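Please build the complex by placing chains P, D and X on the supplied structure of chain G, with the hints as guidance.
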Amino acid sequence: MSDILEVEAVSKSFGGVRAVDGVNFRIAAPGVYGLIGPNGAGKTTLFDIICGRQFADSGSIRVAGRRIDRLRVHQRTRLGLARTFQECRVLQEETCLDNVLFAAQDKRLGREMLRTFARHTAPPRAVMAEAARLLDLVNLWRSRAEPAGNLSYGQRRLLEIVCSLIAQPRLLLLDEPASGINPTLLNMLRDFLQRMFAERQIVLVIVEHNMEFIMSLASHIVVMHQGRVLEQGPPAAIAASRRVIEAYLG
Amino acid sequence: MRPRAGAVPLATGILFAAAVYLSPVLFAGSPYVLFLLTQTLCFAIIAIGLNLLLGYTGLVSLGHMGFAGIGAYVTALLMKYGMASFVPALAAGTLAAGIVGILAGMPCLRLRSHFFIIVTLAVGMMLFLFFNNLDWLTGGAAGLPGVPRPRPFDLGFTLVDPRRPVGFYLLAATLFLVVFVFQYALVRSDFGRSLAAIRQDETLAASRGVDVFAHKLTVFALSAAIAGLGGALQVLFLRAAAPQSFGFAEDINLVLIVIVGGAGSLFGPCLGALLFVALPEALRIADVFRMVLFGAALLALALFAPRGLWGLAVAAIGKLRFGKSAAAHVGHS
Amino acid sequence: MASANVVVLALVAAFGSVFMTSPAGAMEKLLDIGVVTARSGPLAAAGKFQLNGFQLAVDKLNAGGGVKIGSDAYQVALKVYDTHCNAAEGASAMQRLLSVDHVPVVLGELCSPTAAAEAAVASDYSVPLILTVPTAPDLTKQGNTFLFRVNADTDQLSKALAAYVGEHHWSPLSFIAWNNDAGRGGVNGMKAMLPKDIAIGYVGYFDVGAVDFSSDVTNIRKSASRAVMLLMDEEPGALAIRQIRDAGLDIQLVGTLAMGSARFLKRLDAKYLDGMVQYSAFPPSAPVPRIEEFAKAYRARFGEEAHGFAAQSYDALLLAVKAIQAAGTASDGAAIRKALSGASYDGVIGHIQFDGNNQAHPPVYVTQWCANGTRKIDFPADLKSSCGTG
Amino acid sequence: MTALFEQIVNGTMMGAIYVLVALGLVLVFGVMEVLNFAHGVLFMTGGYLCDVFFARLTGNYPLAVALTMIALAIAGMALERGVFRRLRVNVPMQIVASLGLILMVENGAVLLFGPSALQLTVPTVRSLVRLGDLSFTVQHFVVIAAAAAAIVALYAFLHRTRLGTALRATSQNAEAARVIGIDANRIYRLAFAIAGALAGLGGALIGPLFLIFPQMGDLPLLKGLTAIVLGGMGSIPGAIVGGFAIGIIEAVSTLFITTDYRDLMVFALLIAILLVRPWGLFGVRVRGDI
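Chains G, P, D and X, in that order, are what the protein sequence lines are. Start counting the first sequence at 1; every next residue gets the next number (my numbering). Start counting the second sequence at 251; every next residue gets the next number (my numbering). Start counting the third sequence at 584; every next residue gets the next number (my numbering). Start counting the fourth sequence at 974; every next residue gets the next number (my numbering).
With the rest of the complex left out, here is chain G (with noise of 0.2 Å):
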């Protein structure tokens, strides 16, 4: 059995500077992993990479046992990637339903046209009873006939999460989602993560600034500093390291 998530000496330089210089590791079985680091460590780089978002110099990326650094980003997203970005993205003009109903569909571009002139177009009952139980969960389904882009920034982060996980990924990388909440809503999206974790037992990569949201969801956490992991282990141990908190200070 091969591992979830399988990174293996990725580095990537821009004009000479190694953002990302030779990162290594594993996340064998479900759980929730945060990945820290201070900033311009090269965190976001290597999300984006692992995303498809920008391509590695060299080093390969697994995805239960299949390589997935040169493939594209709705390819990735087939293999059950799925991502939220960190400056929340969602279909502005659609409403939320739609957001959620469009993030299940099945977008394979020969099954989309031999569909089009089908008879029913209509979603299947389950998925549209799952949609709603998600968007119920984040206090989503009184608004699921507003557009997306009259909620607040908080609520889209919610609505975010919800249409990455109605596709079922097996791997779910989540950019700075506590960045611009409000405690309220915070709480909420711990909640809710949490809830759905344990409901899927998937494999949740989060990469956050916010130490006391992640210490508290995270059941591993890998540090990134310069480019290359620092240290990795459970939170206890990683708040007591001292080359991590050399690092922050530095």
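Simulated from the structure, these hints should not be mistaken for lab results. In this text, all values refer to a predicted model and were calculated from it rather than measured experimentally. One or more of the hints may lead you astray.
[What the hints assert, rightly or not] Some, not all, of what chain X presents toward chain D, calculated at C-beta under 10 Å:
| # | residue |
| --- | --- |
| 1 | Glu979 |
| 2 | Val982 |
| 3 | Gly984 |
| 4 | Ser1108 |
| 5 | Thr1231 |
Even glycine gets a Cβ: it sits at the ideal position worked out from N, Cα and C.
Using the frame of chain G, we list chains P, D and X on its own:
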């Protein structure tokens, strides 16, 4: 249950189809109006083609009359030299435009927004050069006279003769309605949703699993093919092909038809086509001063009616009938 | 979306009401003649000459008490529509002239592809369309019996000039031509007519609106051509000649009818033009009484030298009216068509008689510029004259 | 060889004009992601204004050119304020607005100056430079020199002044520029002013050499657009290299292919290059653009 963006009630659909089909009866006494309406339908088909791309996918192509020209010239040449009858010739023209669309789309679609606009403009001008310069094939700049109209169709109960004004109108109306329904089905389908996602946020669409390039290429080809169909119909209607009908000025005209009419709405491009066929007729003796005013009107429209005239008209009437809240709602349809 | 219903209905009604109305009112005793031309865009200048010709003919008819058809007397009026040289707009203008204005005959047009679309409509309504400017030879070879052309097509125009070039052995011969129907047709016509021993040096096409001829100049120099033919209008023509001479290229210039005019001289010094030859369907200062008379009338009315397009259009209108009178009807297009095809008419541009394709064969001239800024006729030989008469 | 030399001179001259147009387009695009398709009418207005200032008012060509540039800088600022600032996010309506402007200004020029082209004769067009068999007008070299001076001045401005640096900063990262307190609207206005002045310079230089007419800006606009795509949208060195490259390539290519396919040559080259480098010759690969 699922709220459908831009759903058209059956009543509106039937009313629209009836209005299209009954125009020959309504304007029986005025072949001139029927002639203009036929021209409108030809343009509306091309505009619907562009609307799929520009309105629903958010890709502004400035070279679409080139694809219309491919359809037009392929069909016209096949018919003029008796190499194919109407239906295969029209199919060949449509298909050829679609294929050229794929070939042109492959390099163009690697580029985004403004880059894409400029490169499609270049493609349109390159296609025009072929229409204008290949004297031995297309008749060159002097045009291709003597393109025949299709032969009569026997429908069992009646004979439709496209060589007569009413007959051609009915042919054009049928093709127009087919294309309109195609547009309707496409934009409401899952494929249409993926296109809408691409228009709103390409990066997000890709991360939701949409193969952005393949989707764009498909809609580009469909859009070019529909434009080709409209171009073919137009040339058969006029019975002569002229390169200038597919040149840069017409490209601009087409983009205006779609945007001014209301890009991304079902009826907007049809309204635009009606307006842009009617307007030059109303201003038949357009002096320079009126062109200045027309320019000012376009500028005002760009600044104050971001969703085009269709959006403006529907919002205004909605406001009259239902008060303010309805008008606000219509904005998202 | 219910409001969409209202919009759809309102549009149908509005569209219908705008275009159903034909101009009503007292129209008795007025003979409307349809005219299609370009009044805006790059061909507006050519359209002006064409319209001037029609206007002059109408003035002449009305000054003489109008036209008698059968027992009724009519005043003649023009119904002019701008086609912008656009095939679709040309066709719809024709449609309007024939089904709303009900004119007995339509005249004019500048662009060949537009004329092709208009000719089809003319045939639908069995009303003659008489072209006075477009030159594509194919136009009158489509078997459309309602399409007539009074002016010479490019093959006819090129014939005399091609022979002239052969006689002087200007080989190799180069071309700079508009990349439109007039330019491309002109080059093809000349190529077909030139004697075998004349080599083609270089052929350059440019888009309407282009102003830089440096590439053409370089290529002509490279091809060691002895002459260059300019197939374009006055404006680019003057520019091209200026650039050819400024680049130090000493070469025989050959031009079209637009370049044998006083207007053309005004754009350039006489030294630039000295020795240039051009074909012409209408040399405005020729010592031919009918031309002299027309040139005088034209100058009196419009204050400038007469133009070939005007002369061709003037003749076409008078010929059309004559055919209407001969047919004795201002409503039966087929009868007028018949009268036209049998007509034999001596106009300003010469004798007009239509062949089996309804194409006329007016005389064509070759004129040459003199050093003092006047012109002389060089062809046909019987009109050969001295400077100041071309 | 003579032909090649002659075409390189001619190509450099036209290329210089394309560069002036392309620079204006790229400056504006760089800071506000707006493509002004009506840029050609600024160029055309430059030609007409130069005629007014030279033939009807001052009789001094350099002064007329300078006045033209000032007038068009003001016109550019007005365009920015009145039209394009409001259309930053709506690309289709940028096109509609541009077309409206084109119709208004081109037809307005016909109303004011009549339908036939103006011929503006300045001393440098009258005098010729002989080089062996060849001969060029002095204006050819004036065009090249003036464009070169404008490019140098622009570089000095962008790299040596605070305002220029602010403009570059906005172009590279609008968000960061806003954070450090650069007033974006002021930068937009500045970009449009420079773009207007450069377009006016182009029109005032080329007008006397050829003709001044309503559509005189169309072709330079088209080539300027091609140049900025070729060079990389948003890249100033790209616009310069792209402009000169297009001028020289289209001039030299006519030695091998007929002129009616000249544009085909340029556009095919453009598409070929974009297939290899979709971000243009000098453009920067944007994050996520793969």
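Hints, one by one, checked against the model:
no.: 1; hint: Glu979; verdict: 5 Å, holds
no.: 2; hint: Val982; verdict: 9 Å, holds
no.: 3; hint: Gly984; verdict: 8 Å, holds
no.: 4; hint: Ser1108; verdict: 3 Å, holds
no.: 5; hint: Thr1231; verdict: 6 Å, holds
When each numbered hint is compared with the structure, no violation occurs for any of them.
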